[in-house]
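Visitor: If you want the building blocks of each chain, they are given just below.
There are 4 protein chains.
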Amino acid sequence: MKAINVGLIGTGYIGKSHALAFRAVKSLFPEIPEIHLSCVCDLDPALAERMRAGFGFADATTQWRDIINDPEIDLVSIATPNAFHREMACAALEAGKHVYCEKPMGVAYGDAKTMAEAAEKAPGQTMLAYNYLRSPAFAHALKLVGGGELGRIYFLRGVCEEEYLADPNAPFSWRCLKGMAGAGALGDLGSHLLCAIIALMGPPTDLVADMSTLIPDRKESEGSSEAMKVENEDVAHALMTFAAGATASFTTSRVSWGRKNRLAFDIYGEKGSIHFDQERMNELQLFEKDASEENNGLRTILIGPSHPPYDRFIPSGGHQLGFNDLKTIEIAKFAEAIQSGKPVFPTFADGLSIERCMDAIMSSAAARAWRRVSG
Amino acid sequence: MKAINVGLIGTGYIGKSHALAFRAVKSLFPEIPEIHLSCVCDLDPALAERMRAGFGFADATTQWRDIINDPEIDLVSIATPNAFHREMACAALEAGKHVYCEKPMGVAYGDAKTMAEAAEKAPGQTMLAYNYLRSPAFAHALKLVGGGELGRIYFLRGVCEEEYLADPNAPFSWRCLKGMAGAGALGDLGSHLLCAIIALMGPPTDLVADMSTLIPDRKESEGSSEAMKVENEDVAHALMTFAAGATASFTTSRVSWGRKNRLAFDIYGEKGSIHFDQERMNELQLFEKDASEENNGLRTILIGPSHPPYDRFIPSGGHQLGFNDLKTIEIAKFAEAIQSGKPVFPTFADGLSIERCMDAIMSSAAARAWRRVSG
Amino acid sequence: MKAINVGLIGTGYIGKSHALAFRAVKSLFPEIPEIHLSCVCDLDPALAERMRAGFGFADATTQWRDIINDPEIDLVSIATPNAFHREMACAALEAGKHVYCEKPMGVAYGDAKTMAEAAEKAPGQTMLAYNYLRSPAFAHALKLVGGGELGRIYFLRGVCEEEYLADPNAPFSWRCLKGMAGAGALGDLGSHLLCAIIALMGPPTDLVADMSTLIPDRKESEGSSEAMKVENEDVAHALMTFAAGATASFTTSRVSWGRKNRLAFDIYGEKGSIHFDQERMNELQLFEKDASEENNGLRTILIGPSHPPYDRFIPSGGHQLGFNDLKTIEIAKFAEAIQSGKPVFPTFADGLSIERCMDAIMSSAAARAWRRVSG
Amino acid sequence: MKAINVGLIGTGYIGKSHALAFRAVKSLFPEIPEIHLSCVCDLDPALAERMRAGFGFADATTQWRDIINDPEIDLVSIATPNAFHREMACAALEAGKHVYCEKPMGVAYGDAKTMAEAAEKAPGQTMLAYNYLRSPAFAHALKLVGGGELGRIYFLRGVCEEEYLADPNAPFSWRCLKGMAGAGALGDLGSHLLCAIIALMGPPTDLVADMSTLIPDRKESEGSSEAMKVENEDVAHALMTFAAGATASFTTSRVSWGRKNRLAFDIYGEKGSIHFDQERMNELQLFEKDASEENNGLRTILIGPSHPPYDRFIPSGGHQLGFNDLKTIEIAKFAEAIQSGKPVFPTFADGLSIERCMDAIMSSAAARAWRRVSG
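Residue numbers (this note's numbering), protein chains in the order written: chain A, 200 to 574; chain B, 200 to 574; chain C, 200 to 574; chain D, 200 to 574.
In case anyone wonders, no lab produced these hints; they're calculated from the structure. The reader is advised that the hints may include incorrect statements.
No distinction is drawn between identical chains; accordingly, a pair holds when it is met within one copy or between any pair of copies.
Heads up, simulated SDA-like pairs for lysine to any residue below, C-alpha to C-alpha not over 25 Å straight-line [to be verified]:
#1 LYS532 <-> SER237
#2 LYS377 <-> THR499
#3 LYS428 <-> GLU469
#4 LYS312 <-> GLY471
#5 LYS418 <-> SER573
#6 LYS470 <-> GLY444
#7 LYS201 <-> SER372
#8 LYS428 <-> ASP366
#9 LYS488 <-> PRO514
#10 LYS377 <-> SER420
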């Protein structure tokens, strides 16, 4: 079993979480190949070097193409702003690398399409970092739904919301620029919910959407008097229909006071329902239709060793995983894909169906009309 | 202050809850006029008489027109199936009575229009029994929103759902018939949420909707092999826009396992957010933007004497009101309207804007297109 | 079936809740005898008359002995301060009345003993108003424990706490006086928890306790500079042992910020556990040992028609009962006892075992030693 | 700044969590010295070697004295069963090492005393692995209490409970043997709660306790017919008093169905209250006395960047830390102590006051009498 040599592009917070996870994963998942931290890249040589030293990479560079061009590197990890994903991912794929890329795929649907096409032609495995999928609670929901525990699905009601731009006085950020971020709340947060919906129910056939920018202008920075125009939405809502007659209601927002990382959904089927909230990611609520009315109710399942791969981290229940553990699980999954040659959801192809939804939401909101998505 | 003589049509559960409330209200709200239980009507003479005796009505009848024609009766309380509301309410209004009527107004938008027109011409006060409005927690939410505590409203996300038809084997009921019930989940449950939304945000300007019937056929009765066609929806979703740029997401369902009476919403504004769930109707959650990040979070307000009219029922906090208390508050409000001559929300005119939304939801779902509602 | 003629002593809040309940009970529980409101008593003639008129009593008086001496009156309802319970209850019992009395029985253990002895000799039924027992959720807990659903009981952990004297600046009240209130938090709040414990587990055999007065002096009234000495405890803790090897931990407090009416317990047995909190009195949490680890968790049961007598009030689940409904259930239970001649828990004899615990707690705390309670 | 060379004894789950944390800590807390994984020890050479390879230790051994005798090793990490703590820790201290040791200190109070005495004489820093202390939520509670945010403390009510021996059919384990485990629930679980209480309130002056063994015999192993005698308690309760008039109620249990890792407490003071539950370790509930009754309630604080050292792991709120992150924080704290020469709670001396409480609880339960603990 050959070791996997990793090149990481990006040293911001999310880059660090990649590095931490690459380092920890083999100890927890000894069945995967060895992971070598070969090279880390940042435009700023000091940052690149600090990261190299801090996390134990063999090398550092300021040229991301050095990583692409290094024949020893097997896996390229892309943790840069969205606007750079397409170029880097395509180059890496063409160079025969496996590509692990932060979400969303790019700033426009065209980026995603290009990336998915490149992936289709290339030998490498791909994975998008929709990390909330990796919580054992979400995995358990998926298992229950996939295993028919809820029977036929009736509908889902989901939200992904945070408060980071709720304050009208919060200053402008790159996230408000179409050219840098693409969509607003939808790209940053809503894409996670779309990924969860598609994992649970498959892609929607049709949707209709509404998008609104509640605070159209924001001051350039704390204390500045200059106003900048916000180019993307603060809130997006959508209704979706699915092949089998199921439906979904979808809301995403970056102006939701009191919410720090709320990715929550209720999913109802003919035999029961499941309820999840990422802000309590170590819990899952389940209701099962039951003969006994009097003793029935939503049960709060506390994630433990019977919800893999929790047991890789802690042998006894109730101790809880954290966000960084999700990254480790994600990388273990990607290493499995590389080892087995079998793609693991969500690949670039899967990501494309997320991006197709995002595109349809934007187009539906602009046209104020239903849009066909798939099928 | 003249006493109010009450005639009640209907002796089912909801009729009984009217009678209980009419009897209790004056002891708790001594400032309102005396209430006399004059006459109760049911087609079945035995039921009418049992109700007369059980609740202390002076008289009983099997002819609802007896109540309309009795010049001594001031207030007609309508607790019959929806299909009878229009005829009874219009007759009562024409006879100069005050009319307290269960929701929704009728089985079709035309009913509601006729009733609202009759109300406009008549001297009597009208009130629709959207009783969840009356909980002190909801009243407090209304006060906070109305008083600007949240600042400008960004968006609302609401659901009204129960499980009563979630089981595909649950037998057919009159609620599945268009001619008897009108809409399905929307009329029975969703109308309550529409009322709450309109109370909090005013009527929407536009909406788009989707409706689905998950179980198209149901057996006629427990054990029967005959199937009946379900004529209305199990689930309805809508997106709404409002004059000031706010939006709402709306879902109603009668197939939601685990939910008994969930009328829940989150409302977000520029200074905070409020969260309510009728299944915990003695609580309200509030988040207020605050200088201190580290000590801030959603607070769970437990309803007590500082949330009127809780103090009319119990002088100390945390003891809780129940559903029947909401009916008592509702009747106190209506008695106040009668006494003062000033209408109290929701009158038939207000109800018409709820019905206009329902009509637009049905029309939008049928046409798969946005619909203008108001403004 | 002869009607029950009721005489009520006391017109404060709790007297009013008695009157409301006496008036409503027959409509909801038609199987019990008719209830006639015969006479209400208050030292203040204006209050007595206002209550008579407001609630429809036939008569009013300022002399409580008028009620005792009236041969037509069957049931005496005592809603006065604790210091008067003994004399009134004993007189009523000697006169052959049924006695429904607020809790605790008196201000000292001797009062309770005298009352229980009087009850033993008299023909009338007795009931103490430990009203939280009456919630369908608590009744369901009792049924589960009594029916062996939890198997052998391991231990209980209970608390009864409020915040009404948490503020050191809250002024002195009669509740701080031994001669008026007896014990402090223990008599006012803890007695409810003791009643629940005894209902669930029987009386303890032994206990050890600690009591503390956190704020030894309080100003006489708002704005006053004069300090009054607090004569009883703010907090009491106890440990208890039971015949079958089970144990309990008990805490009661009137200085618990944030708690309005928290009567909460966890009870653990060999097959599961139950969790209750009066602040969410329409819910019960149940955990049952189960083969399936992965789908198990505490379930939140929402009280509904399968939890009698909820169905007497409302036919569909999730609508919730309130505190005043508990009073109605309590009176229905007492009317059943009168009708059947079979005592219903808690009679004065049952109350005596609650008071014996209170006495043992006080004596144990004073002596700093374990005390034998029973068995 | 010299690197810290680490020798780890024990390769079970908790040993692995040490190794993971030692490896991750410097990347997250760059201000501490470098950490070198020098040597790992296990009696089983295969396990020792697997651990060496899996976590990157320089060396492996089967002789723990090799680690003590290695002059290059600075820090000895003890992750063995309790019965070995004393000998290893004392040897390491005498050899001038810093000692990081799992809790509790030993199997009897004498062990703890010996260890604390050894620590007092030795130059090395000591730390006991009471890891729940390290959650940012608990740290925030400590900061609020220590900073006087609650004013004078009235009382605390705490529980530490799990379900691992709730099933009477669960087989015997070394945890049931006095000579191996020392106390039962008290040593394994209750010691964590004692540590939290002492951190929040200082050591108690006096206590009284009760201990019970609910299942006195257990089958030797799954399927075995042989019964083994359980030598220590399943449940322990205690009442405690503190120097300043505050009190505490304490319960620990290993037979609590439905609880996986519940270390929960309520702490009440003159200005507010705090509520924590390890099963939701990323939340803290706070109630602050407030002028506005109507908008006040318990707030659920979701831990984020304003609760250090959360920000070392994740820059945005609501993403959550997990149990393994607590170990990393713990080791960062210990590295700080080593670097600065200033002890960090809980040292062996602090641990001794935890053990003194445990000893007093056992002695009080045996004698059925209050026991003096300190002061």
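Visitor: All the hints need checking, so say for each whether the structure fits it.
Guide: Hint check:
1. In the homo-oligomer, the alpha carbons of LYS532 and SER237 lie at most 25 Å apart inside one protomer (20 Å), although the nearest pairing across protomers, at 31 Å, exceeds that limit.
2. For the identical chains of this complex, LYS377 and THR499 are neighbours neither inside a copy (40 Å) nor across copies (35 Å), given an alpha-carbon limit of 25 Å.
3. Taking the shortest alpha-carbon separations for LYS428 and GLU469, only the inter-copy value of 18 Å comes in at or below 25 Å, while the best intra-copy value is 47 Å.
4. Taking identical chains as interchangeable, the C-alpha atoms of LYS312 and GLY471 are never at most 25 Å apart, the minima being 37 Å within one chain and 39 Å between chains.
5. Taking the shortest Cα distances, LYS418 and SER573 never come within 25 Å of each other, neither inside one copy (40 Å) nor across copies (34 Å).
6. In the homo-oligomer, the alpha carbons of LYS470 and GLY444 lie at most 25 Å apart inside one protomer (16 Å), although the nearest pairing across protomers, at 39 Å, exceeds that limit.
7. When the C-alpha separation of LYS201 and SER372 is checked against a cutoff of 25 Å, the pair qualifies neither within a copy, at 43 Å, nor between copies, at 41 Å.
8. For the homomeric pair LYS428 and ASP366, the shortest alpha-carbon distance inside one copy (16 Å) is at most 25 Å, but the shortest distance between copies (50 Å) is not.
9. In this assembly of identical chains, LYS488 and PRO514 lie within 25 Å of each other by CA distance solely across copies; the values are 20 Å between and 31 Å within a copy.
10. Taking CA atoms no more than 25 Å apart as the test, LYS377 paired with SER420 passes inside one copy only; the shortest distance there is 18 Å, against 57 Å between copies.
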